[in-house]
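*Asks:* Top to bottom, those sequences are chains A and B. Taking this note's numbering, the leading residue of the first sequence gets 1, the next gets one more, and so forth. Taking this note's numbering, the leading residue of the second sequence gets 1, the next gets one more, and so forth.
No lab work stands behind these hints, which were simulated from the structure alone. Don't take every hint at face value.
Pairs of lysine-lysine, BS3-like flavour, derived with a Cα cap of 25 angstroms [as the list claims (entries may be wrong)]: (1) Lys432/A <-> Lys23/B; (2) Lys294/A <-> Lys23/B; (3) Lys294/A <-> Lys35/B; (4) Lys139/A <-> Lys23/B.
Keep in mind it's a predicted model, so treat the numbers as computed, not measured.
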Amino acid sequence: MAEARNSPEATAEATGVAAELVRGAARMYAGAPNGAIYYGLGVTEHSQGSTMVMAIANLAMATGNLGREGVGVNPLRGQNNVQGSCDMGSFPHEFSGYRHVSDPAVRGLFEGEWGVPLLGEPGLRLPNMFEAALDGSFKGMYIQGEDPAQSDPDTQHITAALASMECVVVQDLFLNETAKYAHVFLPGSSFLEKDGTFTNAERRISRVRQVMPPRAGLQDWEVTAKLSEALGYPMHYRHPSEIMDEIARLTPTFRGVSYEKLDRLGSVQWPCNDAAPDGTPTMHVGTFVRGKGKFFVTEYIPTTECATRKYPLLLTTGRILTQYNVGAQTRRTPNVAWSHDDLLEIHPHDAEVRGIKDNDWVGLSSRSGDIVLRADVTDRVRPGVVYTTFHFPESGANVVTTENSDWATNCPEYKVTAVEVVQVNEPSAWQKRHRAFTDRQLELLRRHEATPA
Amino acid sequence: MRVERLVSMANDIAAFFNAEPDKAEAARGVANHLKRFWDPRMRRQILEHYSTGGHGLDDVARSGVALLAEEPHN
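Same shape as in the complex, but just chain A (with noise of 0.2 angstroms):
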């Protein structure tokens, strides 16, 4: 920052955000007595996310913005159990409590406890499990509650992934576009047929409680234990209490944690151990858990994905209010009266050189591929930038984004995709294979439950 390269008046231009802007936010952030950061998905959905998250923390360590209530760094995430997920060792290379997969003495935990013999080896991220699956080394995968072929970036790699692929098996609530690909479905159950937990993002562990028996028999965690079953290894959980306790047993931040405790406290936030047996509403607290707070040197490093004469707009991608992710729920409710398609947003200006008018059929191409949406003219996207959601799988706006991802995460660049938009008269083409294809696997549906079992 000391920098005259890093400069408010120097990171003006290739910002467009004026230099006595940043000076009064910086003054008003660091100057008032607390200061409190909370940022979106889109901080992270970029090539250089995680550097973004890095200088966050950085710019709250040098201000004293952590440690104490009212102040810190706090993601906004985009689902209730983001935070839970990850605590819990959805990263490949991690077990619960964000400890490596190295650590003989954390993998020897686990291993006494299932009786089996653990990896000590990162796996693979899901970006990298497509490709690898597109060279045969990757043969197969168990889904739940995701639906990759319509919200992964450069659709067409993914089915071509999920196509290779020996076995995938989707446990889902409704057939999505993923399952059209699976060559065993099993069903889900929705939050209020099954209990649980779930784990906001300040740390905040509360209970999901059943109200009703699952309408397809099985609790999804029922339905895995079963999987497991067959495949050789039989789970003897009896509730998911139990599988609390496990986690209790072999996490040190939840130690603490049970459903009795839950139940009597009403939410817990971790850690929740000997130490604080009620949970840990602030962390940070006087020091880290490293100890010293560490600075990263966060450069400016801009995306290879770049306007071209032939892709001379940015797309970016995102949600609105009344459609939820990749809309397999929201779509099946009366909310698409409010939003029942997606449509490209674009400045009058890029517009009017173009010849497009509003609510006329444009064609969105990159170099990932090609669809057709409705025009949306509008200033509330500035000239040069696009915008389209992604809930609606007909029009495919993941078929246009690219294999770019963030260095650290692999965390795909939704927000930066270059595309040239034009006026057109038809769907694009794969469009009109995904409509035939949809077909199809409809039809091969209808006539299997036409047949007498």
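Given chain A, work out where chain B should sit, using these hints.
*Replies:* Just chain B, lined up with the frame of chain A:
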């Protein structure tokens, strides 16, 4: 996996660590990242690519992969 994709991922990682003024430290950052976060088959493939010339790897990425190659359990 496509080796071009691995080269591009390694270069992205190196671009972050290249901000470190001490280039030996930058190379250690890259090697450590590959060891901690890359599946063994990805590491094997980038090491093979490096041993046959490492086309496309930039300087810091190349130094990082070279360090990884020297490790006993790479």
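*Asks:* For each hint, tell me whether it holds in the structure or not.
*Replies:* These are the hints, each one checked on the structure:
1. Lys432/A <-> Lys23/B: violated, 52 angstroms
2. Lys294/A <-> Lys23/B: The hint holds at about 19 angstroms.
3. Lys294/A <-> Lys35/B: holds, 21 angstroms
4. Lys139/A <-> Lys23/B: Violated: Lys139/A and Lys23/B sit about 39 angstroms apart, past 25 angstroms.
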